[in-house]
Each structure stands twice: as structure tokens, then as C-alpha cells.
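2 protein chains.
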Amino acid sequence: MEFNFEELNAEEIVEQIHSLFEAKKYSQLKEILVEINPTDTAVILEEFPNEQKIILFRLLPKEEAAEVFVELDNDVQEQLIASFSDTELKEVIDELYLDDTVDIIEEMPATIVKRILRNTDSETRASINTLLKYPEDSAGSIMTPEFVDLKKDNTVEDAFKRIRRTGVDKETIYTCYVTDKSRHLIGVTTVKELLLHEYDDKIEDFMETNTIYVNTHDDKEVAAQLFDKYNFLALPVVDMENRLVGIITVDDAIDVLQEENTEDIHKMNAMVRTSEKPYLKIGVFETWKSRVPWLMLLMVGATFTGMIITAFEDKLSALIILTSFIPMLMDTGGNSGGQASVTIIRALSLNEVDFKDIFKVLWKEIRVGIVCGLSLAAVNFVKILVVDKWLLGTEGITLTVNLVISLTLFIEVIFAKMVGCTLPIIAKKMRLDPAVMSSPFITTIVDAISLLVYFGLSSAILHI
Amino acid sequence: MEFNFEELNAEEIVEQIHSLFEAKKYSQLKEILVEINPTDTAVILEEFPNEQKIILFRLLPKEEAAEVFVELDNDVQEQLIASFSDTELKEVIDELYLDDTVDIIEEMPATIVKRILRNTDSETRASINTLLKYPEDSAGSIMTPEFVDLKKDNTVEDAFKRIRRTGVDKETIYTCYVTDKSRHLIGVTTVKELLLHEYDDKIEDFMETNTIYVNTHDDKEVAAQLFDKYNFLALPVVDMENRLVGIITVDDAIDVLQEENTEDIHKMNAMVRTSEKPYLKIGVFETWKSRVPWLMLLMVGATFTGMIITAFEDKLSALIILTSFIPMLMDTGGNSGGQASVTIIRALSLNEVDFKDIFKVLWKEIRVGIVCGLSLAAVNFVKILVVDKWLLGTEGITLTVNLVISLTLFIEVIFAKMVGCTLPIIAKKMRLDPAVMSSPFITTIVDAISLLVYFGLSSAILHI
Numbered sequence: 000m001e002f003n004f005e006e007l008n009a010e011e012i013v014e015q016i017h018s019l020f021e022a023k024k025y026s027q028l029k030e031i032l033v034e035i036n037p038t039d040t041a042v043i044l045e046e047f048p049n050e051q052k053i054i055l056f057r058l059l060p061k062e063e064a065a066e067v068f069v070e071l072d073n074d075v076q077e078q079l080i081a082s083f084s085d086t087e088l089k090e091v092i093d094e095l096y097l098d099d100t101v102d103i104i105e106e107m108p109a110t111i112v113k114r115i116l117r118n119t120d121s122e123t124r125a126s127i128n129t130l131l132k133y134p135e136d137s138a139g140s141i142m143t144p145e146f147v148d149l150k151k152d153n154t155v156e157d158a159f160k161r162i163r164r165t166g167v168d169k170e171t172i173y174t175c176y177v178t179d180k181s182r183h184l185i186g187v188t189t190v191k192e193l194l195l196h197e198y199d200d201k202i203e204d205f206m207e208t209n210t211i212y213v214n215t216h217d218d219k220e221v222a223a224q225l226f227d228k229y230n231f232l233a234l235p236v237v238d239m240e241n242r243l244v245g246i247i248t249v250d251d252a253i254d255v256l257q258e259e260n261t262e263d264i265h266k267m268n269a270m271v272r273t274s275e276k277p278y279l280k281i282g283v284f285e286t287w288k289s290r291v292p293w294l295m296l297l298m299v300g301a302t303f304t305g306m307i308i309t310a311f312e313d314k315l316s317a318l319i320i321l322t323s324f325i326p327m328l329m330d331t332g333g334n335s336g337g338q339a340s341v342t343i344i345r346a347l348s349l350n351e352v353d354f355k356d357i358f359k360v361l362w363k364e365i366r367v368g369i370v371c372g373l374s375l376a377a378v379n380f381v382k383i384l385v386v387d388k389w390l391l392g393t394e395g396i397t398l399t400v401n402l403v404i405s406l407t408l409f410i411e412v413i414f415a416k417m418v419g420c421t422l423p424i425i426a427k428k429m430r431l432d433p434a435v436m437s438s439p440f441i442t443t444i445v446d447a448i449s450l451l452v453y454f455g456l457s458s459a460i461l462h463i
Numbered sequence: 000m001e002f003n004f005e006e007l008n009a010e011e012i013v014e015q016i017h018s019l020f021e022a023k024k025y026s027q028l029k030e031i032l033v034e035i036n037p038t039d040t041a042v043i044l045e046e047f048p049n050e051q052k053i054i055l056f057r058l059l060p061k062e063e064a065a066e067v068f069v070e071l072d073n074d075v076q077e078q079l080i081a082s083f084s085d086t087e088l089k090e091v092i093d094e095l096y097l098d099d100t101v102d103i104i105e106e107m108p109a110t111i112v113k114r115i116l117r118n119t120d121s122e123t124r125a126s127i128n129t130l131l132k133y134p135e136d137s138a139g140s141i142m143t144p145e146f147v148d149l150k151k152d153n154t155v156e157d158a159f160k161r162i163r164r165t166g167v168d169k170e171t172i173y174t175c176y177v178t179d180k181s182r183h184l185i186g187v188t189t190v191k192e193l194l195l196h197e198y199d200d201k202i203e204d205f206m207e208t209n210t211i212y213v214n215t216h217d218d219k220e221v222a223a224q225l226f227d228k229y230n231f232l233a234l235p236v237v238d239m240e241n242r243l244v245g246i247i248t249v250d251d252a253i254d255v256l257q258e259e260n261t262e263d264i265h266k267m268n269a270m271v272r273t274s275e276k277p278y279l280k281i282g283v284f285e286t287w288k289s290r291v292p293w294l295m296l297l298m299v300g301a302t303f304t305g306m307i308i309t310a311f312e313d314k315l316s317a318l319i320i321l322t323s324f325i326p327m328l329m330d331t332g333g334n335s336g337g338q339a340s341v342t343i344i345r346a347l348s349l350n351e352v353d354f355k356d357i358f359k360v361l362w363k364e365i366r367v368g369i370v371c372g373l374s375l376a377a378v379n380f381v382k383i384l385v386v387d388k389w390l391l392g393t394e395g396i397t398l399t400v401n402l403v404i405s406l407t408l409f410i411e412v413i414f415a416k417m418v419g420c421t422l423p424i425i426a427k428k429m430r431l432d433p434a435v436m437s438s439p440f441i442t443t444i445v446d447a448i449s450l451l452v453y454f455g456l457s458s459a460i461l462h463i
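Sequence lines, in order, name chains A and B. As numbered in numbering that gives the first Met the number 0, residues 0 to 463 make up the first sequence, in order. As numbered in numbering that gives the first Met the number 0, residues 0 to 463 make up the second sequence, in order.
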């Protein structure tokens with residue numbers, strides 16, 4: 000039976016499965032399910048009520064079942080495990096890659112974890128326990144201990160024999176690691192190299208000896224970035240004694256990169272990332288917890304801008320028109336600073352910029368600030384004349400008032416760019432997360448600077 | 000000679016190469032260069048003056064030279080090509096993967112492009128010209144036409160023979176594509192599958208027939224996201240007649256994902272992305288061009304908030320203390336809206352949220368807005384009492400003024416969350432980029448709403 004997922008949308012498939020289910024046409028159902036990519040099967044499965052989910056899941060062949068299981072949401076995994084017999088549980092766990100088992104265990108309640116561990120052999124259990132001990136953000140926590148290891152005096156033929164014998168259980172076989180007797184990593188080769196060499200060639204004669212690796216305790220983000228930089232398919236992970244203990248595969252590296260990007264984007268916008276769950280699965284209270292701390296801090300921080308305005312209250316009541324332009328000045332300053340900070344934060348996280356570049360960056364941002372400030376001030380000057388004065392006939396706008404506003408704009412944009420570009424670099428130097436030094440935080444600082452410039456210029460030029 | 004890049008930093012290596020260069024110890028130099036990963040060699044090479052760069056580059060073995068060449072900056076590539084003889088140029092181009100050649104050609108001036116094309120054989124030239132025609136953001140523009148293709152009646156042995164014969168020039172050999180006589184894609188298998196089957200097994204008996212693919216004209220971001228979703232190493236690309244014309248490899252997909260993330264982050268902060276170059280390589284004028292349009296637009300957009308303030312001028316001069324809290328109210332509103340919009344934009348780009356979820360999202364954000372608004376208003380009420388009134392002794396703060404401010408806060412936060420979460424979803428539905436509907440834009444809208452609520456409540460409660 001031909002079946003193309005691309006041509007049908009998920010809803011149609013769910014409907015089709017539904018009707019086959021009702022008609023109890025299980026063998027036909029099985030045929031369809033097998034044809035669908037496990038990732039999609041997982042999405043489809045979640046559309047069905049609990050008991051039906053379990054029946055559908057049982058229709059899947061062993062290997063496919065494990066692949067689907069990994070892609071399911073944690074709560075569905077929990078439901079399924081609860082309905083599994085011990086034999087069924089063991090079958091699924093046996094098919095899983097170890098790093099996936101560990102990921103699942105980390106999200107399960109203690110009773111289920113115990114059941115999972117009880118249904119694994121002692122060797123696997125030991126590996127799981129080791130993996131569970133690595134800190135959450137470490138390279139160790141995302142590696143798998145299942146890789147192809149070779150000896151340097153192996154021939155190409157030996158290597159292929161070994162891969163054929165043990166490869167089925169490995170997440171990747173394409174990068175093979177050469178270790179010595181004490182399990183130190185001494186080289187790397189690939190199946191491509193193996194295929195392009197003669198059967199009796201020795202591994203040590205063509206293996207790559209200058210291997211890039213990470214330590215189990217290195218940050219997983221650092222590890223993931225190496226994939227981006229060097230185009231790896233897998234990266235070896237060594238322990239404190241430099242013994243090869245696992246590998247990270249490119250699919251997990253992509254997940255880390257995407258997750259770190261999400262985290263950065265959230266941090267840049269005054270949010271704490273409390274959960275890696277998708278948006279719709281995060282509860283209201285949890286969302287509140289991730290959003291309210293920074294809102295609170297920034298709100299209280301705005302006391303300073305309030306104090307500045309209070310201090311200049313007399314001037315404002317003398318020339319109330321000045322108040323009308325406070326929002327525009329604040330927003331433009333905030334946006335200008337935000338642009339600079341976000342650009343630098345991203346450049347820092349892509350390793351395009353370093354602390355040693357701080358003056359280069361500052362000098363560039365000052366010049367960008369000058370041209371941005373000049374163009375904005377010029378447009379603003381004309382806009383106030385044409386729109387506010389002539390078209391809207393706003394009272395109190397004189398040439399000098401216009402001058403004060405436009406001059407403030409020019410100066411604040413330069414300040415905003417300077418503050419915006421330096422704070423993230425300094426934060427990184429102080430081992431803080433630069434992503435926090437972005438728009439919302441910069442805005443609060445730039446607001447204060449802008450108001451001071453505004454009132455300072457008002458006093459000087461307008462003599463109020 | 001043992002040489003570990005991890006243990007030395009780039010500066011030390013540059014120095015070491017420098018001194019070997021001075022001493023004209025070229026064979027030792029060559030040994031070092033070969034040991035370094037091409038990506039790092041490229042970085043090191045850029046530290047040397049032009050003539051030395053060329054000499055160093057010529058020391059590299061052919062294959063390594065091509066790998067380094069790809070990683071160099073465009074201007075360095077241009078310099079090198081200018082210094083190459085036609086034979087040298089041909090050697091480098093021959094070693095490059097076709098998609099990399101096309102990437103390079105796209106960045107070179109016409110004279111160099113002509114020289115490159117003159118030094119390739121007619122078949123390659125035809126492929127290059129085809130690839131150059133795909134739109135910039137299309138899947139076709141990042142694919143390579145060099146892949147392993149098999150026939151369905153091939154045996155495993157045939158497949159390995161073919162890979163051994165042609166694999167050296169392919170970017171990846173691990174995913175093999177099965178095509179029929181008219182080059183339609185009919186199945187996929189992997190080297191892992193091949194290795195785990197017997198030599199006389201036929202490909203058609205175990206190949207995967209339900210293949211996920213993209214069209215040459217599909218968006219490259221859509222293609223890249225499939226790698227994230229399905230954990231592919233390569234993805235087939237078909238033309239309008241459904242013929243297999245190329246593949247996208249995972250390393251290029253990672254580049255696209257990272258590039259799209261950068262673009263999103265820039266757009267979210269009111270910047271147009273005009274260049275994919277790293278921060279320090281982008282000139283002041285180009286940076287200005289990417290930043291000033293949105294600043295200008297948002298600045299002019301702030302005319303509305305100015306108008307609102309002007310309209311309520313009398314009330315403000317009657318109770319000047321109200322002015323002091325405008326910055327705090329505006330920032331908190333902007334930050335609250337920004338949080339919601341950024342969360343939704345990210346969820347949209349990760350496909351966690353869809354247009355059909357709009358009411359689910361809105362209902363969640365309203366509830367989040369209520370709890371955030373309540374907590375902020377409560378803290379603010381106490382803060383104004385304790386800090387502004389008692390500690391700072393700010394004049395004019397009464398219980399009703401405090402009530403107006405805190406109530407405004409409560410209401411504006413709910414509005415901000417509602418506006419922030421719906422605009423990106425609507426933008427996507429209208430085929431606009433949701434990333435534009437983020438903090439800066441939302442802030443401008445929320446500013447106006449906040450001021451209207453503020454002045455409305457002031458009139459109603461304070462009777463001014």
C-alpha cells in the first residue's frame with residue numbers, strides 16, 4: 000500500500016486511523032502506522048484517548064515502537080509505562096539508546112524510575128546511573144556511551160566485522176573511535192575512510208590523530224557549538240582521566256543549539272527560562288514565575304527615572320509641552336540601545352566577538368550612533384515642524400524647543416549605542432550571562448540618561 | 000610530531016608558525032599545518048600578511064587546501080584566487096564540493112567568477128549554473144548535486160562497489176538514494192543498513208520507501224527545520240518534475256538554523272538583517288542601514304503617544320506628580336508585551352503554536368496577565384507608599400494617586416499580554432514575518448494604550 004505523509008495532513012491521517020480503529024481493521028492500521036515516520040506517529044498518537052493510544056502503540060513493531068516512544072510527551076510516556084507489563088517495558092527500554100533512556104528517566108516520578116531500572120540489566124543500570132550523575136548543562140548529560148571503538152592495529156576488515164556485529168545498537172556508526180588499552184582516545188576514523196581503503200589497511204595508518212574532544216563536565220553549549228564550527232557528525236567526550244566515555248551525536252547537538260537559542264531569546268526579553276516544555280504545555284503559574292521576577296526588578300528600577308522627573312517637575316510644569324516628547328525619546332533611546340546590545344550578545348554567543356574587541360566594538364558603535372543619531376534628529380526636527388507644529392498645531396512648539404528635542408535624540412542615541420554594546424561584553428567578562436544585558440535592562444539605564452540629557456539641555460537652552 | 004590544538008591557543012600557534020616561517024623551515028611548517036583542523040587553519044592564515052598567506056596556503060596538501068579555502072573569508076579567497084595560476088585554481092576547485100563552489104562564486108566579482116568557470120569542466124559548469132539560478136532562500140540554493148544514487152535491484156555488494164568508486168567526491172555517503180530510470184526518488188537507505196545486511200541482499204527489500212523530501216523552491220528554513228524534527232543527516236531535494244536533483248547535508252542545515260536564529264533575534268529588536276557577515280566585518284554605513292529604518296518608523300509612530308499626552312496636558316499640569324510615573328508605566332507595559340510576543344514568536348518558529356491555537360494562547364496570556372498584573376500592582380502600591388512617599392517624601396502622592404497608578408499597571412499588563420500574543424500569530428496568518436511584531440513594535444502600541452488607561456483612570460478617580 001502506497002502511503003505518503005506529505006500528501007495528507009495530520010488531521011486526515013488521524014481520521015483514517017480512527018475509522019480503521021472503529022472497524023477493528025488492525026492489520027491495515029499496522030501497515031499505515033509503520034509507513035509513518037516515528038516523529039509523526041508520536042504526534043498522531045497524542046490525538047487519541049488513553050486506552051486507544053495503548054492499543055495503537057502495541058500495534059507497532061518493536062524497533063519502531065521505541066522510536067515513537069522517545070518522541071512522545073513525558074505525560075504520555077508515563078501513561079504508557081503504567082500500562083506496560085514488565086516484559087513490554089523491558090522490550091521498549093532495550094531498544095532505546097541509553098542517552099534517551101536517561102532523558103526519560105529524568106522526567107519520570109520515582110516509582111516509574113524504579114520500575115525502569117528494575118527492568119534493565121546490571122550493565123545498563125550502571126551506565127544509566129553514571130549518566131544521571133552529570134550536571135544538567137554538561138556535555139556528559141547529553142552523551143551516549145554507545146559508540147564504535149576500534150584498536151589501532153585493527154585492519155579495515157576487522158573494523159567492518161566489528162561494526163556489523165555491534166553496530167545495530169549504536170546511535171551512530173559513521174565515526175569510529177580508536178582507543179588504547181586504558182581507553183584513552185588516540186584517534187578517529189570514519190566509515191567513509193574505511194570504505195575508501197583496502198581491506199587489509201591498518202587503521203593507525205590513516206586514522207586522524209588530532210582529535211577535537213570535550214570533557215564530560217564541559218558546558219553542553221560549548222560542545223554543541225563545535226558541531227556548528229567544525230561540521231562534525233559526532234564528538235567524543237572524555238572523563239577527568241582522559242578516557243573516552245561517550246560521544247555526542249549531531250541530532251542532540253542541534254537540540255542543544257535550538258534550546259540555547261530559545262533560552263537566549265527569552266533572557267533577552269526579561270524572562271527566566273524555567274522549563275524546556277513547548278509553550279502550550281507550560282501552565283499559567285509556571286509562566287508567571289518565569290516572567291514576573293524581571294518585570295518586578297525593572298519596575299522598581301524605574302524609580303530612578305521617576306526621581307529624575309520629580310526633580311525637574313518645576314521645569315516640566317513651566318513648559319508642559321516637553322512632557323509630550325518623553326515617550327518618543329524614551330522609546331527611541333531604548334530601541335537604539337537594544338539594537339546594539341542584541342547584536343553584541345548574538346555576536347558573543349557565536350564567538351564573533353571577544354572581550355579583547357571591546358574598544359573596536361565601542362568605536363564602531365559610536366560611529367553608528369553618530370550617523371543613526373544624526374539621521375533621526377534631522378527627520379525628527381522636520382517632523383516636529385511639519386506634523387506637530389503645522390499639521391496638528393500643537394501649542395508651545397518653538398524652534399528652540401524643537402532644537403532641544405532633536406539634540407537630545409542625537410546625544411541619547413550615541414549614549415544608548417555605547418551602553419548597549421559595552422554592558423554585554425563586560426557581563427561576559429564577569430562570567431555573567433550577557434543575554435540579560437539586553438533591551439529591557441538597557442532601556443532602564445538609557446531612560447535615565449535620556450531624561451538627564453533632556454532636562455539638562457532644556458535648562459541650558461530654554462533657560463527654564 | 001605530536002601537536003594538540005586544544006592545548007595551545009591560536010596566538011601561540013601563530014607565533015610558532017611565524018618563527019618557523021622566518022627560519023624557512025617549510026617542511027616542519029607543513030607538518031604543523033596538516034595537523035590543525037582546516038577550520039582553525041583558516042583562522043590562523045588570516046593573521047598573516049598577504050604574500051605569507053599565499054606561501055602558507057601552497058604548503059597545504061591538495062585536499063586540505065580545499066577544506067581550508069572554504070573556511071576563509073571572501074576577501075581572502077579573492078586575494079588567493081588572484082595569486083593562483085590557472086592550474087592551481089583548477090586544483091582547488093576540483094577538490095571543492097559543488098555547493099561550496101557556488102557559495103564562493105556568489106560572493107566573487109565577475110572577473111573572478113569568469114576565471115573560475117573557465118577552469119571547470121563543462122559538466123561542472125552546467126551544474127554550477129543550475130545551482131546559481133535557485134532563489135537565495137530556497138532549498139535548491141543550499142543543496143549539493145553530489146550524492147550516492149543506487150538502483151533498486153542493486154545488491155548490497157553493488158552498492159558498496161559504487162560507493163567505493165564514486166564516494167570520495169561526495170559530501171556524504173551515509174545516506175544513499177534509490178532512483179528509477181527517470182531519476183524519480185523511490186527510496187532511501189543508509190550505509191548502516193547496508194553494513195547490517197548480507198552482501199547479496201537486494202536494496203529494494205530493505206530500503207525505506209516513505210521518504211521525506213523537499214522541493215528545490217521550498218524555503219531553506221523549512222528544510223532545515225526538518226533536520227531538527229526528524230534527526231536527519233541528509234535530506235533529498237526534488238525538482239518540479241519530482242526528479243531527485245540534490246541533497247542537503249546536516250552541516251548546511253545547522254548553518255541555516257543558526258542564521259535564521261540570528262535573523263529572528265535581529266528582527267525582534269527592530270533591525271533589518273542586511274548581511275550574513277560577522278559583526279566586526281560589517282561596516283558602519285551598512286550597520287546604519289540595518290538599524291535606522293525601524294528606529295525612524297517607531298520614532299514617527301510615537302507621535303501618537305505625544306498626541307495623547309498633549310490632549311491630557313491640562314490634567315498633567317493640574318497634577319504634575321502623574322508625569323513621574325509615565326516612564327515606569329511605559330517600560331513595564333512594554334516589557335510585559337515584549338515577553339508575550341517574543342515567547343509566541345519563538346513558539347511559532349519552532350512550530351509549537353499555530354493559528355488555530357490563537358484563542359488557547361489568548362486565554363492563557365489573559366490569565367498570565369492577571370497574575371502578573373496583580374503581583375506587580377501590589378508590589379508597586381507598597382513600593383510607592385514606602386519608597387516614594389515615606390523614604391523620598393515625594394510631594395503629591397496620595398492614596399488615590401497611588402491607586403490610579405497601581406490600577407493602570409494591572410490593566411495595562413493584561414492588555415500588553417493580549418496585544419503581545421495575538422499580533423505575531425495574526426502576522427504569520429497574513430504571511431508577514433511574526434518576528435517583526437516583537438518588543439519595539441508592541442511597545443509603541445502598548446504605550447498608547449497605557450497612557451489612555453492612565454489618563455482615563457486619572458479623570459475618573461481623581462476628578463481632574
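Among the hints, a few may not be true.
Same chains, same label: a pair holds when it works inside one copy or across any pair of copies.
[Unchecked claim] Using 20 Å as the maximum straight-line C-alpha spacing, the simulated EDC-like pairs for lysine to aspartate or glutamate come out as follows: (1) 427 / 312; (2) 355 / 10; (3) 61 / 34; (4) 52 / 11; (5) 160 / 50; (6) 427 / 106; (7) 23 / 207; (8) 113 / 11; (9) 89 / 258.
Derived by calculation from the structure, the hints in this document are not laboratory data.
Status of each hint after checking the structure:
1. 427 / 312: neither (38 Å within a copy, 44 Å between copies)
2. 355 / 10: Only across copies: residue 355 and residue 10 sit 13 Å apart there, 54 Å inside one copy, limit 20 Å.
3. 61 / 34: within (14 Å within a copy, 45 Å between copies)
4. 52 / 11: Close inside one copy (17 Å), not across copies (60 Å); limit 20 Å.
5. 160 / 50: This pair counts as neither: shortest intra-copy Cα distance 44 Å, inter-copy 49 Å.
6. 427 / 106: For residue 427 and residue 106, the Cα distance exceeds 20 Å both inside one copy (31 Å) and across copies (33 Å).
7. 23 / 207: For residue 23 and residue 207, neither the intra-copy (56 Å) nor the inter-copy (27 Å) Cα distance is at most 20 Å.
8. 113 / 11: neither (39 Å within a copy, 52 Å between copies)
9. 89 / 258: neither (30 Å within a copy, 42 Å between copies)
In summary, the structure is inconsistent with hints 1, 5, 6, 7, 8, 9 from the numbered list given earlier, while agreeing with the others.
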